[in-house]
Every structure is written in structure tokens, then in C-alpha cells.
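Fit chain B to the supplied structure of chain A, relying on the hints for placement.
In the order they appear, the protein sequences are chains A and B. Residue 387 is where the first sequence starts when you use this note's numbering, and the numbers rise one by one after that. Residue 9 is where the second sequence starts when you use this note's numbering, and the numbers rise one by one after that.
Quick caveat, the hints were computed from the structure, so don't treat them as lab data. Among the hints, a few may not be true.
[Stated by the list, open to error] Quick list of in silico lysine-lysine cross-link-like pairs, DSBU-like style, CA-CA up to 35 Å:
#1 Lys587(B) / Lys492(B)
#2 Lys274(B) / Lys707(A)
#3 Lys431(B) / Lys392(A)
#4 Lys457(B) / Lys431(B)
#5 Lys434(B) / Lys401(A)
#6 Lys683(A) / Lys707(A)
#7 Lys587(B) / Lys397(A)
[Unchecked claim] Derived DEER-like restraints, expressed as beta-carbon distance ranges:
#8 Met415(A) / Glu430(B): 22 to 28 Å
#9 Leu432(B) / Arg736(A): 51 to 57 Å
#10 Asn696(A) / Ser477(B): 48 to 54 Å
#11 Asn696(A) / His358(B): 40 to 46 Å
Note that the structure is a prediction, hence the values are computed from the model and not measured. For glycine and all other residues, C-beta sits at the position ideal for the given N, C-alpha and C.
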Amino acid sequence: MTSMSKPFIDKHLPKNKLGLSVRNYEGVMSTLCAGCGHDSVTAALVQAFWELDLAPESAAKVSGIGCSSKTTAYFMGQSHGINCVHGRMPSVATGANAANGDLNYIGISGDGDSLSIGFGQFAHAIRRNLNMLYILENNGVYGLTKGQFSAAADYGSKSKKGLANDQMPIDPCVQALTLGAGFVARAFSGDKSQLIPLIKAGLKHKGFALIDVISPCVTFNDHNGSTKSYAHTYKYYHPMVHTDFVAHADEVTGAYDKDGAMRVTMQDGGELFLRKTADDYDPRDRAQAIETLMMNKTEGEIRTGLLYLNSDLPDMQAANKLPKIPLNQVPYERLTPGKAALAKLQARYR
Amino acid sequence: MKDLVDVSDEVRVNDFVIKIGNVNGTGSASANGLLMKAIFRMGVPVVGKNLFPSNIQGLPTWYEIRLTKDSYMARSGTAEFIVAMNAETYKQDLADVSPGGFLLYDSTWPRPDLHARPDITAIGVPLARLVNAAFDNARTRVLMKNMAYVGAVAGLTGLDVEVIRGLVTEMFGTKAHLIDANMKAIELGLSYVREHFPDPLPLRIEPMDKTAGHIMIDGNTAAALGCVYAGATFGAWYPITPSTSLMDGFKAFCEKFRVDPDTGEKNFCIIQGEDELASVGMAIGAGWNGARSFTPTSGPGISLMSEFIGFAYYGEVPVVLFDVQRAGPSTGLPTRTQQCDITLAAYASHGDTKHILLFPANPKECFEMAVQSFDIAERFQAPVFFMTDLDIGMNDWMIPELDWDDSYQPDRGKVLSADEIEKLEKFYRYEDRDGDAIPWRTLPGTHPKGAYFTRGSGHNWKGGYTEDSDEYKEVLDRLTTKWKNAANAVPAPVITRCGQHARRAIISVGGCDGAVLEALDRFAENGVNLDYLRVRGFPFNAEVDRFIEQYDEVFVVEQNRDGQLRSLLVNETEAPKHKLVSILDYAGMAANPKFIIEGISAHLEALGDVA
Chain A
387 MTSMSKPFID KHLPKNKLGL SVRNYEGVMS TLCAGCGHDS VTAALVQAFW
437 ELDLAPESAA KVSGIGCSSK TTAYFMGQSH GINCVHGRMP SVATGANAAN
487 GDLNYIGISG DGDSLSIGFG QFAHAIRRNL NMLYILENNG VYGLTKGQFS
537 AAADYGSKSK KGLANDQMPI DPCVQALTLG AGFVARAFSG DKSQLIPLIK
587 AGLKHKGFAL IDVISPCVTF NDHNGSTKSY AHTYKYYHPM VHTDFVAHAD
637 EVTGAYDKDG AMRVTMQDGG ELFLRKTADD YDPRDRAQAI ETLMMNKTEG
687 EIRTGLLYLN SDLPDMQAAN KLPKIPLNQV PYERLTPGKA ALAKLQARYR
Chain B
9 MKDLVDVSDE VRVNDFVIKI GNVNGTGSAS ANGLLMKAIF RMGVPVVGKN
59 LFPSNIQGLP TWYEIRLTKD SYMARSGTAE FIVAMNAETY KQDLADVSPG
109 GFLLYDSTWP RPDLHARPDI TAIGVPLARL VNAAFDNART RVLMKNMAYV
159 GAVAGLTGLD VEVIRGLVTE MFGTKAHLID ANMKAIELGL SYVREHFPDP
209 LPLRIEPMDK TAGHIMIDGN TAAALGCVYA GATFGAWYPI TPSTSLMDGF
259 KAFCEKFRVD PDTGEKNFCI IQGEDELASV GMAIGAGWNG ARSFTPTSGP
309 GISLMSEFIG FAYYGEVPVV LFDVQRAGPS TGLPTRTQQC DITLAAYASH
359 GDTKHILLFP ANPKECFEMA VQSFDIAERF QAPVFFMTDL DIGMNDWMIP
409 ELDWDDSYQP DRGKVLSADE IEKLEKFYRY EDRDGDAIPW RTLPGTHPKG
459 AYFTRGSGHN WKGGYTEDSD EYKEVLDRLT TKWKNAANAV PAPVITRCGQ
509 HARRAIISVG GCDGAVLEAL DRFAENGVNL DYLRVRGFPF NAEVDRFIEQ
559 YDEVFVVEQN RDGQLRSLLV NETEAPKHKL VSILDYAGMA ANPKFIIEGI
609 SAHLEALGDV A
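Chain A with its partners taken away, still in its complex shape (with noise of 0.2 Å):
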């Protein structure tokens, strides 16, 4: 991790409505390897982030232990983070969003962080239904202990020294399926076309928006024989849906309609269309979904885009009732009984 700052020069950019360019979303300078997946991935967040028009301070980012968690330090650096221990993200950001649910919140994890260490707080977030982006870097390996097999890595998929992987998988699509999420999503780093507009489709999904992204290892997991290198990756990835997120209706062309789009509008804002690139594939059957990913396993094929949505479920603000005022801001005055009342309840101990 590092806290050295890019120079700033943003004059020649564009300005998004809020007057700002790009380089307002970004934080300090990455130390990841170079051609790193997860470089990617902050590079797409970065421009999703200045496409929504977003305040740069209205982030909270979380994230746990890991090259993946190391990321958040790398864009909106407007805006709070937590990099708390390891695979225990999930209950960070479960205790803010409660205290404020009024921030965007972005978790950044990885495959060992969500799928080892952290898998019961990842289950329980999609659980409660935490409204938040949800960003698995999945790489297949720990990095940072430098090439260990993580619980994604595929059956028979070879590490750097050429050993086989001789456990099954753990997808974690396929989990949140299972475990009732609204909204998951499988990219890949080297594919910001896809990317993005997921990115802000799960930012304004109100509820619990994985995002599974392939994001290769350079340095442990880019050999012939990983079935999570980029090599591999382009090779076998398929888009089953085609996502586009608008931000204001009114700019919707009519072209999309007659594509047969499916259109969605989301609670935090804009809109969703999601056109089929599978003819028989409908994001919204839940079983449908898990029996594509789970043949993905037998097939090989990496099947990818916004796989299940579903935008009715109340979130876990919702759940409990938590009031329009975020609870870190409501007034002492609503919160104390008073001594009237202390006196009046005490009867029942007398």
C-alpha cells in the first residue's frame, strides 16, 4: 500500500455535471504489480464513479486483507475508507450502513478474503441484504503470500509450479444466488465495456450487488494451465447479457426498446436495460441463473454480464426500519427517555 499522491492535472479533461474530471475520482498511486486485474477494476470504478456524477465524498469504501483490499486506497480518495482485518469487511460495512445509509457503499475484496477467511460474513451480508456494491477481485490465488491455491481456484487448475488444484471450487455467484442476493454480476477486469455499466447498475441496485471480476494475477496465476489467467479468460468468457445503465430516463433512445431491452428502473435513480445475448436466458428466474453458472463448470465456459436481478427485496435499512434521518446524525433529544421517564418506568422494579 502506498500514500504517495499522482500529480494533478486535469485541465484537458472532460467535466461531468458536477464540474469535476476523472482524476477527482482517483486516489493515491497503486503499488499492485504492473498489468495487475485489479488495476482494471479501479480504473472502471474511477470512471463509473465520475459518470454517475457522484460527490467524491459520498464513498464509503470498505475493504478487508489482501491485494484486492489494498485497492481502495486507489480511487475516490475524496472519500472515507476502512481497511479493517481480514474477510471481515462484510460486518464493517454492515455497522455503517446502519449508522448512515445514505453513502455509497463499496466493498472491494477477494477470492481468499470472501471465499476462505471471510465466507460466513460474505454469506450473512447478502443474508441482511446490505445495501452495497460488492466487488469480488477474484484471482484464484493469494497474492500477497505469494501463490497459494484460494478456495476459487478451479478443480485441476495448475499453479506457477505446475501443481494441480485438488479441491473443488467455491463460487461465489452461485453462493449469493443461493443466499437470496438481488443482484449478481460476473465481469471481467479486461473488459471495462461490461464492466462499467455494472458497476453503476450495482451502485444504484438498492440492496446487495455482487460483482464476481475475473481479474487475473500477473505474477501467481497467469501460466498455462490456470483456468484464471487472461489467456484463459478472453478465451472462454461469455456475455449472457448485455447491461446499459442510464442515468436520466429522458436520454433513453427509442433504439433499445425495439432490441427487445428489458428495462429496469432502479430505486437509487436512472435506469437499466438489459439486452439478451442468449436467446433463452432470463436474468430475472433465479434457478434459471444457477443452473447457467453451475454448467459453466462442466463446460468451462466463463458466462458473464448481469446474471440475476431482481430489485424488490428491502434492504437491510428497510428491515429494521431505520429512520430517513441516518442514525448517526439523529438528535440526542429523540434518544434519551429522559429523567421523567426513568422515574415513571422504575415503578415496575419497586
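Relative to the frame of chain A, chain B by itself:
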């Protein structure tokens, strides 16, 4: 067979123990509670201790009610009157009756072995037979048998039945048939003893006026109430005995006081975590984001939370942890009390970590110190441990009525507003601007200039990542200073002097207080002069050092095997180790003065010294 054999002529008024042996899951808790409350309503000070198994149904349970005209707060360790309702524990109950005492048993079935002690009196009341004749339903009979012994005890001791009737009426409110049924059962026991044992026992309950202005409340409920009054808005927890009732209490009070009647919106959020790790993580997330947050747990939970505790310490995130201690190690005795997490909490987590601890001694302090804990956590931007225990947390204690000062405003600590951030040239999270080792913090979303990155990895005063030795040490040293400064923020120790020249003293903590104070009275009667300091916070106030300095020897009274408070005193004060003599009770039972009197007396005798 003549049951009642009077072996004691000494009349004891409002100064004895009634102990009820029963089977858990039979509904005896409400009968025992009723008995104790009725004594309390008669103006007689009481101490109630529930000894319950880690089980839902079928195992032995005891309830002790000490009537203490002198308003002592501890168990006496005696049992002058045992109500033996559990056949499986008859033998033990018989053995436990204090010499000259009484044992009430269910004489529906003959119990000749109960006459094995000539020094006590066995009183047979055919409770099951009486109840079975009067009630049809099997479950009702089980419940009413308990009410019947309440009546029998009332008849034998002079407990006012009208007071009982008042309580039963309050208990069941508009359900007249339940009031009638319960009173009928009570009358059964009462009439039987009046008819068969017309002479009153020498153990008598007579009205007093010493409970006015007092309430009976458990520490977990009082602490929960403190959380409400402190303005805590977020609590996360994982169920664990003996802390569960704290969150139950918080939820009940919030449902009463914090729900908007118009919108149904709740000005609080309670989340049951998937485990203790998640629970403390949530509380830390909420604390980081500016909500007053807490997690109630017990020792096993603290073990699990330790990694996160270090994170909150190093990242300087306010959060309050309620540790309702139970006997360890490991699963230990989940329903028995101890003060066995003192060193764990003081230094929880890997690396150099030191924490702020508060030690309430009773439910009144639970209420007050809960509020203080949140103020201190936010002022010092640190985890704060509220160190209570099963005895304080789950037993009903008689305490003065709680009071509240409406002028109270929470100390939210150093949090910069958007305007204040705007005026700054640059914000650095860990900058010691005021020279008090407490930096200013900002809340997410307040202002783009106020953004910072909270990390558990090495960081410098600016909040940036660092592996530079000097920068790393600078932050660590400031944390030490900050922690030391908290010695003046935690509740000051309470010192009780015997009024004579004393060469020796006692230091104790938490729920041992009542037992120590009672032991001091006994010592004073025997001309043994001892002063007493009760620690209420950690880091130790300078007063603790000064106190120890004044004596040749200081007995450290606590409820754990290893002398954990003593270890902290050795570690964190200038006191010479040899001066501190451990008096330990780690049997898992609420403290009673006996172990203190015996421990100190044995020590003095070994020295050939009496004072």
C-alpha cells in the same frame, strides 16, 4: 411422626437465608421472584442469587434469598431455611442447612432420610398432594406447587400474604383467573402450615422501612438502560450467556422509547451477528461512522473479537464492549460467575495494546458507567470495556432508585464538522493538534477534504501507510500517552477507611464489593483495622498507587484463580510485588464475605499478627 422438632431457640428477625432447591424448567423462577419481591415490599433489604444450570429443563437449580436487616449486598454463604423441592438434591440440601436451621420438604412422599440431622428441623408439607387435589392440568400442578411453597414459607415466617396478593395481582393484571389460581395455591400452602405448625419459627420476617427509595433490578437491564440514556443507536451481538439479557433489555427499552409513533421508524438498530467477530466488526463499523455503538458478550466472545479489538485500538475507533464475565477457561461454567477476563480485556489483541476498562460493582453503577463508557470511548476514540459479571448482570440487586440529569449531553469527542474541515488547509487524521494525544476525526461523507483512510496496517500521523520506523513509533507512543491520560477519565476508585490506624488494606473490584464491606465490619468487630480501595477503572488512577504506598500489605480480593487484578497492579503501578497478597475465590459463586475473612485471617495467623 412428629416432623417439627425445635432445635433452635434463637429468634432471627429479617436476618437469615431462604434457599429454594428446585428443578429448572418448572417455572420456579417466578415463585422465587415473588417471594423475594414480597420481602422487599415489606421493607426488608434482600439479596437474591439465582444458581442455575447451563440447561433448559430438568437439572438442579437453586435460588437464595438473603434477608439482611443491615442492608448487606453479598451472599452470606449460609442457608438457615432450605426449601427442598428437588428429590435429586435432597441429600445435598439437607447437608447445606446451617446448624439450627430448617428444611421444608414435600411430604407427599415419605423422606425418612431427612431426619438424618438432629441439629436441624425438617418440616413436611404435602405440596404435591395439596396441589394435585386442587388442580387438574399437569403443567398447572407443576407451576402451582411452586406457589404452594411460597404460601408455606409465608405462613412459617410471617411474610405478609396481602403483600403477596398485591404482587400476584400486578403480575397477572387483568387475567383474573390466573390471579385466583395462584392465590389459591398460595393459600393451600399457607393454610396447611398454619394448621399443622401453629408455632412460628424462630426465623421471622417483620416489616421494616429500609427499602423505600430502592428498586430491585439486574445489572444487565440497568446497563441496557444506560445504553439508551447514553444515546447509543447501534448494537450488534451474538447470543451468549450471561450477556444475552443486556441486548434483550436494550431492545425492549428501545421499542418503548425509540420508535416514532407516527412513522414506525426506529431510532436504533440491533443486529444479531453470525458470530462475535461479526458483532464487534459491526459495532466498529458503526462507531467509525459516528453512531454510538456497542456489543454485549462474555469471555469466549472477547477471545473471538480480539483481532478486531486491536484494529479499533490502532485505527482509533470508538466502540463499547460489555463483557459479562462467566467462569472460564474455554466454555467453562457458562452459568457461574467469575472476574476472569480482567487481563484478557486489559491487553486484548496481538501486538502492544492496552485498553480502557470500567468496573461496575452493582446495577446502579452499571447504569451510570454504561453512559460513561460511551463518553470515554468517543472522547478517547478507543474500544472501552465494561467489565461486569454474571452475578451483577443476571441477579436482581437492591439498589437506590436510578436518577437522571436532563442536562446531560453526550461527549461525542473530537469530531470535525463540515465547516471546521472547510477552514482547515489540510486534514490529517492522526495529528495531535491539541497536545493531548487525541487527534481529531471526521465522519464519512462530511466533506471531501476530511476524507481519510482507516487502516490496521502501519500508519503515520497523517494517516498514510508507512513502514518507516520513526513514523510508526510516533503513532504508537502517542497511543500510550492517550491511554495513560484515560486514567483521569475513568471512574475514580472508592476508598473506605476504617477510621483507625491501619497497616493493612484491601483492594478489590466489581461484584466483590458487598462481600468486602461486610467482611470489613466483621474485622472491625474483632479489632482488625483494614482500609479498602475499590478499583473502578483501568488505566489505574494515580490514587491507586498512593493508596498502596500507605500500607505494609494490601490484600487483593478478586474472583479468579490467577490473581488477575493483582497482576495488573504489579504491571501497571509502582507497587512492590510482595506487598500484594491475593485473596482468591474462583468457585463460580457470587462472592460472600467468608472467603475474605478466612483468607485474610489465615494470612494474619500465619504471621502471628492480628492487625
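Honestly, which of those hints from before does the structure not fit?
6, 7
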